[in-house]
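Enquirer: The residues making up each chain are set out below.
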Amino acid sequence: MYAFKYQRARTLADAAAVLGKDGDAKVLAGGQSLVAAMKLRLAQPSALVDLGGIGELQQIKVEGGAVTIGAMTTHAAVAASAEVKKAIPALAALAGGIGDRQVRNVGTIGGSIANNDPAADYPAGCLGLGATIATNKRKISSDTFFKGLYETALETGEIITTVSFQVPRRAAYIKFKNQASRFAIVGVFVADFGPSVRVAVTGAGPGVFRIAEMEKALAAKFAPDAVAGISVPAEGLNSDLHAQADYRAHLITVLSRRAVEAALG
Amino acid sequence: MTKFAIGQTVHRLEDPTLLQGQGCYTDDLRPQGAGHAFVLRSPHAHAIIRGIDTRAAQAAPGVIAVLTGKDAKADDLGYLPCIVPVKNHDGTPRGDTPRPVLAFDRVRHVGDPVALVVAATYHAARDAAELIDVDYEPLPAVADVFAAAQPGAPQVWPGISNNIVADLHMGSKDATDAAFARAAHVVKIELIQNRLVANPMEPRAAFAEYDPATDRSTLHTSSQSVAMLRAHIGDIVLKIGDKLRVRSGNVGGAFGMKAMQHPEQPMIVWASRRLKRAVRWTSDRSEGFLTDVQGRDHKVFAELALDRGGRFLAVRATVYAGMGAYLSQFAPMIPQSVHSMMPSVYAFEAAHLHLIEVTTNTVPVDAYRGAGRPEGIYVTERLIDIAARQLGIAPDELRRRNFIKLSQLPYKTAAGLVYDSGDFEGLQAKALKEADWDGFPARRAASESRGKLRGIGLTMYVERCGGAAPPDSVAIKVNRDRVTVLPGTVDNGQGHTTVLKQMVSEYLGVDMEKIDVSQGDSDANPFGLTGGSRFAVVTGTAASIASNEVIDKGMEQAAKMLEAAAADIEYRDGDYKVKGTDRRTTLFDVAGAAGGLEALHIKNTGALTFPNGCHIAEVEIDPQTGVTTIERYTIVDDFGRALNPMLLLGQVHGGTVQGIGQALFEHAVYDNDSAQLLTGSFMDYAMPRADDVPSFNTSFHHTPCVTNPLGVKGAGEAGSVGAPPAIINAIVDVLYAKKGITHIDMPATREKVWRALNS
Ligand SMILES: Cc1cc2nc3c(=O)[nH]c(=O)nc-3n(C[C@H](O)[C@H](O)[C@H](O)COP(=O)(O)OP(=O)(O)OC[C@H]3O[C@@H](n4cnc5c(N)ncnc54)[C@H](O)[C@@H]3O)c2cc1C
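These protein sequence lines are chains X and L, in that order. Its first residue numbered 1, the first sequence is counted upward by one per residue in my numbering. Its first residue numbered 1, the second sequence is counted upward by one per residue in my numbering.
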């Protein structure tokens with residue numbers, strides 16, 4: 001780790017001010033991705049602005065058919081939240097399946113989606129549930145937020161404040177874990193909103209993506225067989241030590257079917 | 001009898017300290033003013049060092065010293081020794097791979113140490129290291145053991161052609177070939193032994209102190225043997241002899257990897273002596289992946305010959321054993337165990353191993369997690385499973401036909417080992433019953449009705465423990481109120497202190513509470529090594545003999561105190577007594593009056609022991625994803641005798657989980673072209689976890705060992721020997737039924753299994 005300055009922000013405005021002055025400063029949330037990268041000397045921010053002291057970023061609210069989660073809410077808090085469990089049990093389960101207990105106790109939803117690791121879970125939850133990401137400057141739809149490998153629509157110095165999820169009729173997330181890292185080799189989030197259905201896939205490609213053909217088939221008939229015959233081309237999918245592209249493509253179909261099964265209970 | 005004697009379950013006395021974070025590991029030693037070291041390592045697998053410019057680093061803030069291979073050469077440091085001589089089949093000695101403390105003109109694996117920076121803080125040292133300019137000329141590199149041995153492969157060492165550092169035959173080739181010539185059936189297999197990383201919880205560490213008054217250095221280091229490190233580092237590398245003292249505190253895991261010296265230990269002592277100040281270094285996890293000696297890395301071609309009735313005639317193998325870039329301390333000896341273990345628990349006529357030891361541009365390999373025994377047993381037990389399928393004989397029946405029988409003991413195996421004890425047929429029968437072997441078809445049908453494929457895998461195992469080299473010592477000292485036991489071994493988490501106290505408590509008839517164990521100091525614990533599952537056998541026996549010597553030494557004094565002739569004194573339950581009377585005095589009173597009693601026993605029996613057992617794994621495979629889950633797991637072991645049943649089970653569980661790790665998850669994968677380690681962190685190197693394994697059904701079928709007075713055989717590595725063949729045999733049970741496939745290499749990952757089922 002290289003030397004850096006540390007600052008604990010009291011308000012969102014404080015944090016934004018520091019970021020505005022120093023282009024190499026970074027927001028610190030749970031540090032589960034950022035600090036690890038700093039320890040490996042892969043990231044070298046000049047300063048860290050800790051959002052941990054800003055209470056308004058840690059709230060969970062359910063109103064108007066949406067679940068709104070503050071950016072600094074930990075994975076453990078989402079997993080344990082009675083409101084989230086009631087409104088979108090699949091989202092609570094997703095949070096409860098991230099990493100291990102230690103990671104869940106400090107890692108945050110804001111940090112996870114800002115980081116946009118191609119194998120992270122929340123991006124699938126956001127895209128699958130058509131989430132809206134609010135920042136200190138604007139609101140961004142999940143359909144335009146995730147830009148591929150570690151890239152998002154966030155501008156330099158922009159801070160995520162909340163993430164709002166539409167409450168679906170039913171939903172499920174099935175994750176096929178990497179046996180080493182426990183991130184997703186493939187994770188499929190399926191959400192049924194009545195007339196429309198969303199299917200979002202993480203882990204398989206350079207970034208989270210939707211599968212229009214499955215969404216259409218499921219909108220017509222929300223049943224496992226509706227997707228069982230739909231295969232996704234292997235081209236463009238990740239191929240690495242842990243899974244080659246054709247295996248990932250195959251898993252997408254298997255997991256989609258299982259996700260629909262799970263959503264139907 | 002004291003209440004915590006041998007054979008009782010005593011809870012680990014170490015646990016309250018360790019679990020509350022009160023242990024003292026090497027990295028916990030952080031005196032003010034110590035220099036912090038960072039080792040700059042090669043990013044290339046193979047390169048010539050054209051020059052190293054350290055000027056900017058020397059001038060960086062906080063830097064105390066920057067040292068390179070040139071400085072080591074100027075100071076006439078020796079090479080890290082490989083202590084195993086090997087003769088090639090043509091009579092020539094094995095090749096040599098001199099391993100310097102710091103690379104001098106060439107680097108041979110990614111992670112090879114190139115420069116040492118000592119600074120006021122770790123971060124200052126690391127920052128300065130980035131300023132060192134090393135002028136590398138990259139060379140072609142080779143990582144795959146089989147490819148490296150082919151003509152035209154990049155050469156790791158100029159004088160070693162085709163990278164073959166040793167080429168030898170073990171066992172009788174003629175007798176084996178003759179047996180194959182008259183065989184009715186021959187089955188073959190080609191397999192790999194996947195390369196493993198040890199990954200102990202506590203990384204390697206070295207901390208050196210220097211005392212100008214005596215010119216002595218003390219190296220504190222996480223190890224398995226202070227005595228051996230003292231000799232190798234003090235005598236051979238640094239050439240300072242007894243001016244080096246080596247100490248180990250708590251050790252957080254090793255399984256072989258911390259038995260041998262690594263370059264950083266002499267490097268840190270050397271730097272400390274040059275600077276006349278304390279210097280400390282602790283490996284981080286990334287460094288551990290690139291520098292801790294690794295295990296296995298074999299490419300194997302093997303065959304089993306059977307007669308018409310399914311009797312085993314002979315087994316033979318050609319093994320290409322990866323050694324890594326340098327021959328580590330014991331490395332060339334480890335794959336030789338493939339030969340001694342290949343006959344396993346069966347009555348073979350002959351066994352033959354053609355062993356080709358190969359250097360590659362990878363981290364050196366050495367004794368680890370079973371050290372050769374898992375490799376040998378795996379070969380034979382996989383061959384037997386294939387034979388059973390091809391001959392249509394049940395795997396348990398085929399083994400039964402070939403067991404060495406009780407009536408044949410002591411039995412000299414085809415590899416020349418003499419098994420003293422072991423009821424293999426009885427043990428297998430017990431395991432089959434425990435595993436409900438006969439109920440398997442019903443469980444398989446139940447799995448299939450849920451869309452899952454079920455397989456069962458059986459294996460027997462035996463391993464070779466105890467033995468002569470190096471000798472182990474135990475010193476026992478008694479004063480007026482306490483007994484101190486000084487073993488030559490170093491506990492790495494096994495619970496040696498607990499078990500030693502139990503043993504000495506029984507030998508001397510003294511309460512455990514009055515016994516201290518003091519280990520890990522080369523000044524006080526002169527000989528010994530933790531390794532090879534030999535603590536119970538060798539240290540236990542030495543402790544028994546030293547205890548008796550202490551008792552004998554007190555006889556004269558006791559006689560004086562009791563005003564009787566020494567011949568009339570007997571020792572029982574901690575007291576010297578005049579025979580036939582109630583006149584007595586305690587060991588402590590006698591020791592107090594005598595000004596202390598002490599004895600040192602150096603044990604070097606040479607007698608081997610043969611722990612053995614049976615593992616039966618039952619797996620369920622999801623054909624859609626290739627996911628394998630272990631549904632049932634049965635283990636029956638013969639360890640001769642249990643010193644502490646609870647600790648013994650801990651050893652069995654730990655070894656088995658690591659064996660399952662090898663079978664299903666772990667693999668150190670190198671890029672074929674660049675020889676970069678692709679699995680250099682826990683993001684990519686999969687370790688077994690608690691939720692990967694079922695609750696084990698364990699039991700014992702002990703037959704006492706007759707070559708040591710305790711009757712024990714050793715248990716530490718047993719699980720790591722049994723688990724790989726049991727798991728793979730179970731998976732192949734499914735693959736054969738569905739696809740006629742007879743082998744799948746370790747680790748049998750989900751993708752590999754899925755591909756096999758969909759091939
Ligand atoms: C061992 C381990 C296992 C893991 N397993 C999983 C897993 O299975 N699935 C999974 O999805 N993730 C996993 N993770 C990652 C984990 O979920 C992290 O919590 C997450 O990636 C980052 O969240 P954080 O709060 O720690 O963010 P930090 O590490 O603090 O920050 C990450 C990045 O986001 C930026 N940032 C943080 N908050 C904001 C904000 N409000 N606005 C704008 N930018 C912000 C930071 O500047 C930084 O660039 C794992 C991590 C570890 C260490």
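In case anyone wonders, no lab produced these hints; they're calculated from the structure. Mixed in with the good hints there might be a few duds.
Pairs of lysine to aspartate or glutamate, DMTMM-like flavour, derived with a Cα cap of 20 angstroms [stated by the list, open to error]:
1. X:K177 / L:D691
2. X:K177 / L:D582
3. L:K752 / X:D246
Label-pair distances were calculated between CB atoms; the ranges are [unchecked claim]:
4. L:R480 / X:A3: 39 to 49 angstroms
5. X:G265 / L:D28: 23 to 33 angstroms
6. L:A120 / X:D240: 38 to 48 angstroms
No residue lacks a Cβ here, since even glycine has one placed at the ideal position from N, Cα and C.
Enquirer: It remains to establish, for every hint, whether it holds in the given structure.
Expert: Here is what the structure says about each hint:
| no. | hint | result |
| --- | --- | --- |
| 1 | X:K177 / L:D691 | 13 angstroms, holds |
| 2 | X:K177 / L:D582 | 71 angstroms, violated |
| 3 | L:K752 / X:D246 | 13 angstroms, holds |
| 4 | L:R480 / X:A3: 39 to 49 angstroms | 57 angstroms, violated |
| 5 | X:G265 / L:D28: 23 to 33 angstroms | 52 angstroms, violated |
| 6 | L:A120 / X:D240: 38 to 48 angstroms | 41 angstroms, holds |
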